[in-house]
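Working from the sequences, and respecting the hints, build out all of it.
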Amino acid sequence: MAEPTSTSAPAPDKPRVPLAIEEALAAAAIAVMGLITFANVVTRYTTNVSLAFTEEYAIVLMVAMTLLGASVAVARDHHIRIGFLIDRFGPRGRLRAELLALGVTALVFGALVVLGTLMTIDEYRFEISSPGLGVPQWLYTLWLPLLSAVVTLRALGRAVRVVRRPDILQAGAGEP
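To get my numbering, take the position in the sequence shown, counting from 1, and add 3.
It cannot be assumed that every hint is accurate.
[As the list claims (entries may be wrong)] Simulated restraints on C-beta separations: (1) Thr-49 / Gly-106: 31 to 41 Å; (2) Ala-42 / Leu-102: 40 to 50 Å; (3) Phe-87 / Tyr-127: 16 to 26 Å; (4) Leu-102 / Thr-50: 51 to 61 Å.
Quick caveat, the hints were computed from the structure, so don't treat them as lab data.
Built from N, CA and C at the ideal position, the CB exists for glycine as well.
Okay, here's the thing in structure tokens:
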């Protein structure tokens, strides 16, 4: 008996490195931010003292969560695009638009890697400390180039998968 063939959507393209890593780290960042905020609110209402210094941690976690989310969005093809235009392109046009978007993404986040690294080195070299806690600032800044590198690699990985399997690009693809 012949198996039915499916002409609907192509098989999903999955990255080699599981997205669960970024998802777990982003979830942990959200959880810690929630705990910090909850502790700050409870302390403020019970003792009339604010834990304002925790704002530094919350900001770093927010940046980390944003970059981790960007990495997942790029790998899953949920990046922002103008679907109204892209969906009207033929297969070659969609491929070119996708590769252009991924190239620009890799370029921008690659620039963040370079510039973030230079900034981190400067903060380390000049022993800059954070204003609220006096912690070395480079400990906070270090996450910008590291996580930007993750986004860059995810964009390049997606570009490789798209070139190998252009059939994964369909009109309306990438919508959550």
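So which of the earlier hints does this model not fit? 1 and 3
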